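Asker: Let's have the full structure, built from the sequences with the hints guiding it.
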Amino acid sequence: MQLQYFLLLAAALFCIGVYGLVTSRNAVRVLMSIELMLNAVNLNLMAFSNYLDPAMIKGQIFAVFVITVAAAEAAVGLAILLAIYRNRDTVDMEQFNLLKW
Amino acid sequence: MNLAEGVQLVSFIILAVAMIGAALGVVLSPSVVYAAFLLGAVFISISGLYLLLNASFVAAAQILIYVGAVNVLILFAIMLVNKREDFQPVKFAWVRKAVTGGVCAGLFLLLGTTIITTPWAFSTETPIGDDAIYLIGEHFFSDFLLPFELASVLLLMALIGAIVLARRDFLPDAALTSDIENLKLPERPRELVSAAKTEQ
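Chains as they are written, first to last, in our numbering: chain A, 1 to 101; chain B, 1 to 200.
Listed below are the simulated EDC-like cross-link pairs for lysine to aspartate or glutamate, each with C-alpha atoms no more than 16 Å apart in a straight line:
| hint | chain 1 | residue 1 | chain 2 | residue 2 |
| --- | --- | --- | --- | --- |
| 1 | A | K58 | B | D131 |
| 2 | A | K58 | B | E138 |
| 3 | B | K83 | A | D89 |
None of these hints come from the bench; they were simulated from the model.
It should be emphasised that the depicted structure is a prediction, and the values quoted were computed from it without experimental measurement.
Answerer: Right, here's the structure in full:
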């Protein structure tokens, strides 16, 4: 079991998240892709914590903070999505052009 | 390779395959409800990987927060915006997908070469294992006290902000006449903001 395996796995998960973030049309799926990317970062932090800093485990502290921020982000993001859906009656990302010239 | 390492390697491979497969399902599945359930599978697989990394507390927190809260929240959001609509096809959508796939593959190759070529400074200390929860508590209340308190303020802000954003404008004195009207939520009528693309 090596650090590199976990880091490669986290990199693959992050790239899948980026792909979903850019190509998804449904706004809920965009939020799911953001969660995937945050989880990839968390996996990186935990791997570093176990292999490079096993006595002080600062990586686990950071992972807990990232989980907290991700939970807050999910709540606010879905509330924004509901507000947009109520105003525009769609969840299509191509129709969300309120801030686009 | 002794028995413990073999078990670790096999469980790592199973969890990694499950996680990558479920993550691809989240991104590529045509149904968003299936995507939400597969997202739960991704979170549970990542929790298993945390167990492999000697972090039992964060593994439990991962299941509690992500599967128990975030995933349920996403399912509720899908239920609330459950509108079967066929998205209008965009011109050159395949170009966008191909370019994004190329960029993501390139990013993965870049990260992979960086990960493999970097000389990592591995620590030789023994992991503290299940005593991690005591150490996490000590960290939270000594050298990470300010971020800990800021996290509580952030959660409060997110709570209030989500309520304010998602709240509907009620009409408390709306006259409810028929039975059908009683079942509906009395809500202030609002005009839809018209999309610029659809007007043209």
